[in-house]
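Trainee: For the first sequence, this note's numbering assigns the number 81 to the initial residue and increments by one for each residue that follows.
Hints are computed from structural coordinates only; laboratory data are not their basis.
Any given hint could be a false lead.
Claimed, not checked - Calculated pairs, PhoX-like style, for lysine-lysine (alpha carbon to alpha carbon, straight line, at most 25 Å):
| id | residue 1 | residue 2 |
| --- | --- | --- |
| 1 | K336 | K390 |
| 2 | K390 | K352 |
| 3 | K474 | K484 |
| 4 | K224 | K242 |
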Amino acid sequence: MVKKTKQIIRTRFAPSPTGFLHIGSLRTALYTYLLAKQNNGQFVLRLEDTDTKRYVEGAEQALFKGLKWAGLQHDEGPDIGGPYKPYKQSERLDIYKKYAQELLDKDKAYYCFCDEPTLEAMRQEQTAKKQAPKYDGRCLKLSKDEVAQKLAKQEPHTIRMKIPAGRVIEINDLVRGNISYNSNELDDQILLKADGYPTYHLAVVADDHEMAITHVTRTEEWLPSTPKHILLYEYFGWDAPQWAHLPLLLNEDRTKMSKRKGDVAVDDYIKKGYLSEAMVNYLAFLGWNPGTEKEIYSMDGLLRDFSLAKVHKAGAVFNLEKLNWYNAQYLKQLPDEKLLAACQPYLPTTHNFNQEQLIKILNLEKERSANLSAIGENVKFFFELPTYDKALLKWKEMTDEKIKESLAVSKKLLAEISDENFTAENIKSILMSEAEKMPSLSRGKALRDRGELLWPLRVALSGQKNSPPPFEIAEILGKEESVKRIVAAIEKLS
RNA sequence: GGCCCUAUCGUCUAGUGGCUAGGACACAUGGUUCUCAUCCAUGCAACCGGGGUUCGAUUCCCCGUAGGGCUACCA
């Protein structure tokens, strides 16, 4: 006998390829990954593709992409194999059939020949009578001969699990404590569908057992079906894993986070240019926190401090503002080369700036942008002066003539600076000090208003109502382009 | 309807049988500033309700209430 060593933790993330990677799923995957990895355990990826009707082509790739983006590398999975392959349920049909048969043999399951319209009518009737919709067990009353006959005639059938009467089934949940259900509330769950595919309930139990999963992490919505799973473990004579039912991610209206009420696909956030570190950090904090005031957490930090015991029971609203804040924090710390690489796909190609210039541009815009695609938008005017209304050039009560005077001064000053001295710092000091010597452009005012000089200049250079300071823009644009844009502005006013 | 879960600022949350109930986001105001953003300072804002238990409950218990989840040959 092998001496029992300390159990190695094995967790799994088991999504259905029915579309895209949901942001809530990513958080579940994150917690699942953390639980395994902080204990030197294994994190398994399994595809639950037993619903042939909902299967979506390409969904698998989206799943892989999202997990990889977030940095959640699995140890075993359909793409990389592993000791318990295959990791795709559609390729494990024999296994489920075998186990369904075992249950039949043990008299813990039975054939059901009711078709869907029959079941639907049954439900209708029950709800009309204000009863809980539940299979009435009519096929359980079939004699052995009747069953044999129907099977011989190849009548379509499913296999249902038997539920004992009056049993109290207790779930020992790592985040919720003890929860008990009365078996009388449970339905005779279909385990094997007419098409030979298993339902989730059979498949998840069989696979988690076969794959030696020690901790089942999934969201709260699975709580009500857990007693059925526990019963199945019992029927098979297997040890049940540890359960951890995580809180749900919610829409603003506190319903289960869903499409139509905002972006829920991880890919949407990738496309908008959210940094994976920010997303991981934010998601980790939606339902967990270290109990300190530290809010910025890298994956390493999470690996160190995460604990299921501190996971909350109540659902958490997904809030874009806070994500934006996290993204800003990470954007701020991003080294220049990484910033450039990350932004590259979002940048216009209408002008070839060199790397140094690009980095300056990005650094100017990153603190004004929620994400990378916003940076891409905000950066456009550097590449090409947008058309803008001449009214935008106007600062407070300035007349067109005054604006022209102001721009003429700027133009003259900029033109006088040599190319090698055309830096933001120089431009700023020259512009500012010369401005002080000039007569006030707005007659009769004691205090000189810098806006009279700087606003028209900035708008001439950027075409934007809001933008970084004109000095920085001018430096990046260079003397020639800057003067050109000022001239264009003056012409607009003529 | 039935079963189950949950409950601290608008949001994410810390926390305790006795505290001015803490932090972050958002918001507001002020400072810096040509604008926006950043940054700094300040402010606004919460223990769902009712009963117990207790010298004392936001905290423990019960009952309400509210919200949510499940109730498929979907996961």
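Trainee: Now tell me, hint by hint, if it's right for this structure.
Mentor: These are the hints, each one checked on the structure:
1. Proximity of K336 to K390 is assessed by CA-CA distance (about 22 Å); at most 25 Å being required, the pair is judged to hold.
2. For a cut-off of 25 Å, the pair hint linking K390 to K352 is broken: about 31 Å separates their Cα positions.
3. For the proposed pair K474 and K484, the alpha carbon gap of about 10 Å is at most 25 Å, so the pair holds.
4. With a C-alpha separation of about 16 Å, the suggested pair K224 and K242 falls inside the 25 Å cut-off, and the hint holds.
When the structure is compared with the earlier hints, a violation turns up for hint 2 alone.
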